[in-house]
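Chemist: With positions in the sequence shown counted from 1, the corresponding number in my numbering is that position plus 4.
Heads up, a few of these hints could be off.
Listed next, the in silico PhoX-like pairs over lysine-lysine satisfying Cα-Cα at most 25 angstroms (straight line) [claimed, not checked]:
(1) K321 x K359
(2) K444 x K321
(3) K549 x K445
Worth flagging that the hints you see were computed from the coordinates, not collected in a lab.
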Amino acid sequence: MNKNMRIRYKITLAVGIAVTVVLVAMALFYTHFQEQTVLSQNERTMEKLTESVAQGLQAVMLAGSADIAESYADRLKKVTDIIDFRILRTNGDEAFRDNKTIHDVNRRRGEETFTPRDHEQQIPVLPADDPNLLATVSENRTLAVYEPGLDGHRTLTFLAPIKYIEACSKCHGTANKVRGVIKLTTSLAAVERDIYEVRQYAIGGLALALMATMLLTGYMLGRTVVEPLEKVTHAMTRVSDGDLDHQVPIQSRDEIGTMANSFNRMTSELRTTYDGLRREQDKLTTIIHGAGEGIIVTDSTGEIVLVNPAAERLLEKPISQIVKEGFYALLDDEEQMRLWLSDPEQGGAITTAYKERVLQVFASTIFGSDHNIVGSAALLRDITEEKRLEDELRRLSTTDGLTGLFNRRHLDATLDTEYNRAQRTGTSLAVLMFDIDHFKKFNDTYGHDQGDRVLQSVAKNFHDALRKYDLACRYGGEEFVGILPNTTLEGAFCVAERLRVEIEAAEVDGLKVTISVGVAAFPELPVSTPEGLIEAADAALYRSKEGGRNRSTRALPPEPSTPAATGADTTPV
5 MNKNMRIRYK ITLAVGIAVT VVLVAMALFY THFQEQTVLS QNERTMEKLT ESVAQGLQAV
65 MLAGSADIAE SYADRLKKVT DIIDFRILRT NGDEAFRDNK TIHDVNRRRG EETFTPRDHE
125 QQIPVLPADD PNLLATVSEN RTLAVYEPGL DGHRTLTFLA PIKYIEACSK CHGTANKVRG
185 VIKLTTSLAA VERDIYEVRQ YAIGGLALAL MATMLLTGYM LGRTVVEPLE KVTHAMTRVS
245 DGDLDHQVPI QSRDEIGTMA NSFNRMTSEL RTTYDGLRRE QDKLTTIIHG AGEGIIVTDS
305 TGEIVLVNPA AERLLEKPIS QIVKEGFYAL LDDEEQMRLW LSDPEQGGAI TTAYKERVLQ
365 VFASTIFGSD HNIVGSAALL RDITEEKRLE DELRRLSTTD GLTGLFNRRH LDATLDTEYN
425 RAQRTGTSLA VLMFDIDHFK KFNDTYGHDQ GDRVLQSVAK NFHDALRKYD LACRYGGEEF
485 VGILPNTTLE GAFCVAERLR VEIEAAEVDG LKVTISVGVA AFPELPVSTP EGLIEAADAA
545 LYRSKEGGRN RSTRALPPEP STPAATGADT TPV
């Protein structure tokens, strides 16, 4: 059945098929019954005719008129619809064609009662072992046999026994209860014509009944079932198109009326739910459009369906450009965006520089309950100021406010890291420590402001004298420490000397400033801790001061019996 066929035609077709099957079955039963009735009636009529013929022949034979019986049989053959009529002996040969019976009768009576024929024939009609013939003779009953005819019509053959009576014993004796068999064959052409007419009437009646039933059924189904269903279907179509206010008229209290009522309740609930969702959507839209964070959302095909004003502002692009370029090109780096979205741990914050801003990006793929992709979303936060404050806080926590050099805390953390690296890689690590000679006099004589300016000037010269990956720190008061990775003791000593000379050559507000420096290096100095390296440089610094200040001193490996702090090589001014 065609899936696109309307329900009206489907129901009509289904009912029509069912009614057709029933009516055809009834017609077949009726015609079969009529056929059997006609055949049975014809059979009874022909059976009575055969019995009448048998009785008539018996009467003729008892009167001794065998010739009349023979002519009577010949006349019966000419009757309409009688194809064949024969009188048979019990062995299947036709009687009255030879002199056998005449000789037997004359011999039994002892006189020539009947005159023999001049011409005799032996005509076998049925085989002596024919089952129908044997049944007729042995059971002494009339038998009807249906057979196909030569003209295409069936034939009906009756085999009726000529029964023995007491009056027959005078001529034929008492040996057999059946003296002969009458074979009467008739054509069923007329009967079959009657049956054909009955079939024609049945088919015509069936066609009329089927047509009337289909028309009536179609009309009744259309009024009582199809039209109400079509109204419900029409209402469903309107509701699916968004018309949730449409109602189905309820015209009955049957199943269709119940369905229409249920549909109306469902649409009412849908309308209530839709209105609630609409209000929530309006709230959410207001929140999204008023949010300070940029929000971009796509559908399952990847097409952008939502961009709020904050996203336009942060990306410095109009909505049309954002939608056109697509979700992956939000930050002008499609490969990076695809990488973020393919991350199974996606959803975490990603910080990236974009144009003149620092953005915190939350990007993820949205999956439905069936684990299929329903869209993607990205949230953008401008953390430029936060990042600046964070960097400033970090700078403040690791640098000295007066000199701008790294402070003691950062020195300790960096020295631990560099010492562990030097141990792991087998490279050199040098530390130089110095302080300003007679710094207390600057404060006492010229004041603390002048002392601060001296500290700032020395710190600048210290910072400028080092490489970009060296670390210049204020250790405390007027003491400074430099960390020099990948630098030997001699290399560090050269740096110390160059710094000492530059500071001595410079003046701060017309004042001369000198420094005393101690230098230590690993692994030339076999210290076991980062603090040991600082202590060795401090001891070398102490030697510089004892040696008259304004000089650099190397911390040398101790003699076997001498502590490490006392080993020093002093270079005088």
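Chemist: Does each hint hold? Answer for all of them.
Modeler: Right, here's what the structure says about each hint:
1. K321 x K359: holds (12 angstroms)
2. K444 x K321: Distance ~61 angstroms between K444 and K321 Cα, so the pair is violated.
3. K549 x K445: holds (16 angstroms)
Against the hints set out earlier in the document, a violation occurs for number 2 only.
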